[in-house]
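Given these sequences and hints, build the entire structure.
Okay, here's what each chain looks like letter by letter:
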Amino acid sequence: MKIAVNQLADDIVHIAPSGRMDALGVEDISIPFTAAAATRKALVVVDLAQVDFLASVGLRLFFSSARALQQRGGRMALAAAQPDVGAVLDATGVAQLISIYPTVDEACAALRGGAANPI
Amino acid sequence: MHLPPEVSGTERCVLRGEYPALTALARWCADLARAHQLTPRRAHALDLCLTELVTNVIDYAYPAADPAHIVVDAQPAEGDLVVTLWDAGPAFNPLEHAAPTPAADLSEVRIGGLGIDLVRKFASRISYARVGHWNRLRFTPNG
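Residue numbers (the numbering used here), protein chains in the order written: chain G, 1 to 119; chain W, 1 to 143.
Treat the hints as calculated values from the structure; they're not laboratory data. One should not assume that every hint holds.
As the list claims (entries may be wrong) - 20 angstroms max Cα-Cα, derived EDC-like pairs, lysine to aspartate or glutamate:
#, chain 1, residue 1, chain 2, residue 2
1, W, LYS121, W, ASP80
2, G, LYS2, G, ASP52
3, G, LYS41, W, ASP105
4, G, LYS41, G, ASP10
5, W, LYS121, G, ASP28
6, W, LYS121, G, ASP90
7, G, LYS2, G, ASP28
8, G, LYS41, G, ASP90
9, G, LYS2, G, GLU27
What the hints assert, rightly or not - Chain G regions said to be covered by chain W (calculated; three or more residues, Cβ under 8 angstroms):
#, stretch
10, 7-18
11, 35-45
Keep in mind it's a predicted model, so treat the numbers as computed, not measured. Ideal Cβ placement from N, Cα and C applies to all residues, glycine included.
Here it is as structure tokens:
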């Protein structure tokens, strides 16, 4: 897997992993992902457009990072999931814990507005 | 190499029990889906369930220094597909483990058990048996 991290103009961190998020793929990106998503107070959008497969090991990375981020006063949102990835998010009830949006723009708008706090 | 009994009409994939095998497994799933014209939904369920189960075997059943083999058999039947996963680890029935209770917030999330939970949701007719020194898990990926 590869990962691109960009700081958007309005102080949102945009993280775009790409590839297959199984145990092998997560090994490649877990350190830069955690560094970008979980080490300081930030608004983080994880752009899933280039993730073509998501296994539970990827969900664990999202949960552990979102939890660390929340403890620092930040928030995470997931966006732009492909259908197979969306099916895994739906089946595991991720939306109860991490907000999910159809597009990166919608995720950014919600994070800026403070709406990306699930429940 | 001692392998579990093979039934005629099945397609077999033999993997070494370590992470690089996941790449070969994904390719085998894609080839199988193409050859048997599985729906995209069933093809994804096949890939997801096998990825979860094989990862669990690598992580928990086999010593890292000396991984044994993992064998996957697929038996297509009238638009259906019966998949059998064999591993030579200690006897272990993943179905005996209760599904995780949904967490109300992030601090409560249980990190373990997510993989088998996904298998329960993306497969049906899941069964376990101990056959000789093999664990045999059988399922049909949902289409």
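Hint by hint, here is what the structure shows:
The straight-line distance between the Cα atoms of W:LYS121 and W:ASP80 is roughly 17 angstroms, inside the 20 angstroms bound, and the hint therefore holds. Proposed proximity of G:LYS2 and G:ASP52 is supported: the alpha carbons are some 12 angstroms apart, at most 20 angstroms. Among the hinted pairs, G:LYS41 with W:ASP105 is consistent with the structure: their alpha-carbon atoms are about 19 angstroms apart, no more than 20 angstroms. In summary, the hint linking G:LYS41 to G:ASP10 is supported, as the alpha carbons are separated by about 14 angstroms, within the 20 angstroms threshold.
Distance restraint check for W:LYS121 and G:ASP28: the Cα-Cα separation of roughly 27 angstroms exceeds the 20 angstroms cut-off, and the hinted pair is therefore not satisfied. At roughly 11 angstroms between alpha-carbon atoms, W:LYS121 and G:ASP90 fall within 20 angstroms of each other, so this suggested pair holds. For the hint linking G:LYS2 to G:ASP28, the alpha-carbon distance of about 7 angstroms falls within 20 angstroms, and the restraint holds. Between G:LYS41 and G:ASP90, the direct Cα distance comes to roughly 27 angstroms. Violation of the 20 angstroms bound is thereby established for this hinted pair.
Distance check on the hinted pair: G:LYS2 and G:GLU27 sit about 11 angstroms apart at the alpha-carbon level, within 20 angstroms; holds. With a threshold of 8 angstroms between beta carbons, the proposed coverage of the stretch 7-18 of chain G by chain W is violated, since 0 of its residues qualify and at least three are required. Remark: the stretch 35-45 of chain G is not confirmed as covered by chain W, as 0 of its residues place a Cβ nearer than 8 angstroms to a Cβ of that chain, below the required three.
When held up to the earlier numbered hints, the structure conflicts with 5, 8, 10 and 11 and fits the remainder.
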